[in-house]
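Chemist: Model the full structure from these sequences, guided by the hints.
In case you want the letters, here they are:
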Amino acid sequence: MTQFIANILITATNIALLAVAFQLIYAVRRAYDFSFSTLYLAAPYIVLWLSRSVDLPFWVSVSVGLALTLALAAIMDVTLYRSLQTKRAPPLVTMLASFGVYLIAQNVIAAIFGSEARTLRAWGLAPPLEIGGARLTNLQAISTFCAICGVALALIYQRFTRAGRLLRAATTNVALATAIGIPIKRIITTGFLVAAALVTLAAILVGLEIDLTPTTGFQALVLAVTACLIGGIDNAIGAVVGAVFVALGQEAGVWIFGAQWSGTTVYALLLLVLFIRRSGLISGPNLRYGT
Amino acid sequence: MSRSSRRSITRIGAGILSVGVAVSAWALAARQSAGAITIGVITPLTGDVASWGAMQRNSTEMALDEINSGGGIGGRKVRVIYEDDQATPKIGVTVFTKLATVDKVPLVVGAPASGVTLAVAPVANRTQTVLLSSGSTATAVAQAGPYVFRFMPSDEMQSAIMANWARELGFKRVAVLYVRNAWGTGLQQAFQPAFTKLGGVITTSQGMAVEDTDFRAVLTKIAADSPDAVFAPLYTRAAGLMVRQAKELGLNFQILGADVYETPEFIEVAGQAAEGVLFTRFGQYNGAEYQAFAKAYRQRFQTEPAAYAGYCYDAMKIAFTALRQLTSGEYTGPAIREQLLNIRDFHGVTGLTDFNGSTSASGKVFDRLVVKNGKNVPWTAKN
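Which chain is which? The protein sequence lines are A and B, in order.
Residue numbers for the first sequence, in the numbering used here: 1 to 291.
Residue numbers for the second sequence, in the numbering used here: 1 to 383.
Incorrect hints may have been included.
Computed Cβ-Cβ distance ranges for the label pairs, DEER-style [claimed, not checked]: (1) Asp354/B x Thr264/A: 42 to 50 Å; (2) Asn252/B x Ile148/A: 47 to 55 Å; (3) Val370/B x Ile142/A: 27 to 35 Å; (4) Glu66/B x Phe58/A: 44 to 52 Å.
Hint data in this document are derived by calculation from the structure and do not stem from the laboratory.
Even for Gly, the Cβ is constructed at its ideal location relative to N, Cα and C.
Modeler: If you want it as structure tokens, here you go:
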């Protein structure tokens with residue numbers, strides 16, 4: 001039982017980090033934006049290039065990698081998204097355009113780094129940890145801690161900072177926000193960069209714990225979207241609650257029905273939640289899908 | 001005429017000229033290869049088992065260079081069109097259909113993934129295109145139809161060998177962790193009855209998706225039943241990750257692997273955790289033919305060939321042997337099929353291959369290996 005609870009906690013925190021990052025991107029774009037996957041794919045490969053080809057120390061690679069990923073996010077925002085925003089592109093167009101960028105990124109990365117799996121870790125086997133009868137790896141403990149910090153920062157940004165509050169105001173009613181003088185472009189870019197930082201953190205943790213391939217990014221997006229849909233896509237708390245439900249579904253699937261039913265359990269849970277409460281378990285009063 | 005109109009006309013002219021040049025170049029290339037005999041190769045060049053595709057491509061290129069430097073077949077060069085099946089049945093069907101109906105090749109070599117071979121088989125039979133599988137071991141491939149040939153030993157045999165081996169080592173309780181596709185499910189389904197018949201107990205059987213990379217939750221679930229060993233027919237990269245994660249969780253049950261574990265990628269991913277892993281792989285013939293092939297492979301690609309590389313090389317050589325029996329104009333699927341059925345005592349780098357009227361070759365076996373000091377070495381009771 002201890003192991004089961006530990007597994008849920010580990011999985012939930014990692015999915016929560018993905019979910020709050022995606023929820024923030026959704027709050028910025030009001031669309032299912034594949035830039036999440038593009039950044040998730042690019043960040044660890046940039047770190048890999050810096051640490052292996054440029055030969056920078058690991059922590060320097062991570063810091064410079066974060067800066068370069070944020071620069072990439074800023075370029076995407078200024079070139080692609082501002083243009084779409086100016087033309088008042090509907091959410092479907094934003095989604096397709098971002099998907100196109102993701103496909104290009106996949107192919108560019110495959111051409112540069114090859115299709116085989118790569119790993120960020122440059123060390124051997126880490127010794128196991130046992131906490132209260134539950135087994136976990138060293139990296140699981142580190143990534144759980146980092147994910148909790150990332151989620152906390154995202155919640156603080158959205159709920160307690162001026163920039164976060166302005167972002168919510170600006171994206172809820174663009175016309176009104178413009179009329180009262182909120183600098184929408186700057187607010188949106190800031191929000192997108194915060195989301196990009198969270199995505200970078202999540203991707204690097206997975207790159208360290210598991211590995212990376214040019215198809216990395218899609219599965220993470222699916223998990224993040226599922227968590228957001230279960231919890232409610234219009235607020236960060238909902239994303240965290242959704243992540244707990246996804247983790248519960250995954251782990252219950254493995255422990256009760258067998259690993260082959262893990263995905264089925266999660267999506268059955270999603271359908272059940274959507275059937276009972278279409279906008280997710282925790283949804284704000286103002287925002288709904290497509291608004 | 002305005003300046004903008006002139007500019008538009010210039011652009012249109014330049015466009016037409018570019019298309020004309022491209023079409024001429026294409027026509028020239030087509031004319032140059034018109035005399036060549038074209039065959040197809042489908043293999044995973046990208047995705048989770050891309051390392052297998054890379055090996056197949058290397059071996060194919062070696063066989064191709066040898067045949068073409070010797071004058072080709074009947075005075076005609078042999079050309080190969082590679083298609084990437086990504087080890088995914090749906091994509092396999094798409095690329096095979098393209099080879100059979102657009103490129104109109106009479107023979108396709110591949111695919112290693114049993115799921116792809118079984119999905120492609122109906123198309124091969126319908127279009128009368130020979131599919132010579134270089135790596136599919138699923139038992140069902142032997143009954144996949146008149147145009148589907150394979151010369152690997154079957155998963156049924158592999159599972160029986162592993163079940164016997166596990167009991168020989170004194171493992172009573174074994175868990176199964178398999179990839180949910182034709183290959184993994186086939187091995188799991190064959191292993192369970194074979195092992196229980198020998199008095200063993202299957203503690204749990206857990207199926208994973210091909211794309212799964214995090215096994216920690218399922219490993220802790222498996223560990224809760226305290227098995228002596230885990231039989232894990234997973235694809236190479238997944239297997240490497242699983243073994244590493246098991247060690248990092250401090251789980252010390254014996255890992256029993258299957259044929260794909262022999263690729264260098266497994267040890268690369270698993271690192272030190274691969275030490276002591278036991279697995280079966282396609283029988284490797286160590287005769288002079290194999291030694292010469294391995295030496296040439298090492299020299300050309302700066303890497304050690306896995307046994308599978310030899311099977312890919314032999315698949316091409318067998319295809320050439322069948323084509324040599326035909327005269328120009330007879331290079332059709334039905335004619336090649338007849339010649340393949342007649343192949344007896346083919347001496348290749350994987351030893352003897354004998355189709356002898358069947359679409360499934362006989363005489364191939366599996367070897368038992370252990371990872372020791374970062375290398376795959378033959379297992380003996382002493383190591």
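Chemist: None of the hints should be skipped; say for each whether it holds.
Modeler: Consistency of the hints with the structure:
1. Asp354/B x Thr264/A: 42 to 50 Å: 45 Å Cβ-Cβ, so the 42 to 50 Å window holds.
2. Asn252/B x Ile148/A: 47 to 55 Å: violated (30 Å)
3. Val370/B x Ile142/A: 27 to 35 Å: holds (33 Å)
4. Glu66/B x Phe58/A: 44 to 52 Å: 46 Å Cβ-Cβ, so the 44 to 52 Å window holds.
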